[in-house]
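From first to last, the protein sequence lines stand for chains A and B. Start counting the first sequence at 53; every next residue gets the next number (my numbering). Start counting the second sequence at 174; every next residue gets the next number (my numbering).
Derived from the structure by calculation, the hints contain no laboratory data. Predicted model only: the values in this text are computed from it and were never measured. Treat each hint with caution, since some may be false.
Said to hold, decoys possible - When the alpha-carbon atoms are kept at most 25 Å apart in a straight line, the in silico SDA-like pairs for lysine to any residue are as follows:
| hint | chain 1 | residue 1 | chain 2 | residue 2 |
| --- | --- | --- | --- | --- |
| 1 | B | LYS184 | B | LEU347 |
| 2 | B | LYS184 | A | LEU113 |
| 3 | B | LYS184 | A | TYR154 |
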Amino acid sequence: MTWDWHFVGQILPSLLGGLWLTVVATLGASLIVFPLGLLLALARRSPRAAVRTSVVTVSELVRRTPLLIQLYFIFYVLPSAGLLLPALVCGIVGLGVHYATYAAQIFRGGIDNVGRGQWDAATALSLPRHRIWRTIVLPQALPGIYPALGNLVIAMFKETALFSAITVQELLGRAREIGIDNFDYLEPLVLAGCLYFAVSYPASAAIRRLERRSARRPA
Amino acid sequence: VLIDIFNTLVKGLTVTVEVTVLAGLLAAAVAILAGTCRLSQRRSVRVGSGAYIEFFRGTSALVQLYLLYFALPLVGVSVSALMAGVIVIGLNVGSYGAEAVRGAVLSVPTGQREAATVLGFSRWAQFRHVVFPQALIVLLPAAGNLLIDTLKLTSLVSLVTLSDVTFQGQQLRLNGSSPVAVFGVMLAVYLGLSSIIASGIAWLERRARRGLHVA
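Let the sequences and hints guide you as you build the complete structure.
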């Protein structure tokens, strides 16, 4: 079988539509990942031991099992509980929760990096707790972890390919379907691979450049 | 009912464990090779291993698996589903492992190597007795996470017809078992396997620290 450019031209619009859905899914999941990740990171510092242990247990459970099974769980189990969500929403929720546990670790690292003296000074000034977080700790914790969070978003973007297993017609799902319909997987799958790469590679290269630049500038 | 489900899922355990072990070995070999090549003095070796790493990190394992299993046979490269799973998961995890290896080797202070040179250690003895034991301690936690990632990725082989734990679970669901029970037990099986890996790595970490005075 030889590479058919005409076929490529025919399927490209459909695949680009799939890429768009992939991007939407990534952004949707990010809306869950960042707030939930920060919440989990803060909950791990809770004065109540019960809160801390349950956060740790649930996070480990999520991180140590495959995302694919978690997506199946949401997709097949929630309807039997009477909650019928569109497949795309199931995917976004599953991806969001899974990656929130990773984001929590990144947030935790950033927060731990804020010097003790900052806390002591803020406490000495008797600032209320929420003001310490909002105006002192988080503004110092966040800039250092932007690259790591950016890499997390890229990882999510690639991982949305799993949505095809729960019937979402995103980029890989469309490529697969075009392959089945035409008995020809070569062009659609190679093209899909190139499209994923065309987004994720420049994005991670940009993050690396950003990281190098901020490493040179003394904080 | 839960016992029945468990017994059916266990049939897929052989495949899951087989793919995890083989892909894990491949990943370790490739990670060490590509990781050290990244530190080579030759530009061509560095660029070559860099290209491998970027290629496998640029797309997800599922895309790579479909490419190898569905697309490559059309240009005459045909592999079994098991081989495809092992190769893709091994090379994919290996590309992440390579960066971990590179970081671990770089984390050993140059002074250690210089001291070994002064003491007349050969290059191999330097690596074996000075660099490797110290790099290993830095590497093990990352290796543990990557091994758990390997296990998690093996669930993808169910999408290319291999009858692993995930595949068996899907069959159960299609045959009318309650999805809550099937996926609940399935999550528990994967959690059990990951926990075995995690405690194995923790044991190795304790062993590696023995006799080394490092924090």
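Outcome of the hint check:
Between B/LYS184 and B/LEU347, the direct Cα distance comes to roughly 17 Å. Compliance with the 25 Å bound is thereby established for this hinted pair. A distance of roughly 23 Å separates the Cα atoms of B/LYS184 and A/LEU113; the hinted pair therefore holds under the 25 Å criterion. In summary, the hint linking B/LYS184 to A/TYR154 is not supported, as the alpha carbons are separated by about 31 Å, beyond the 25 Å threshold.
Checked against the numbered hints given earlier, this structure breaks only hint 3.
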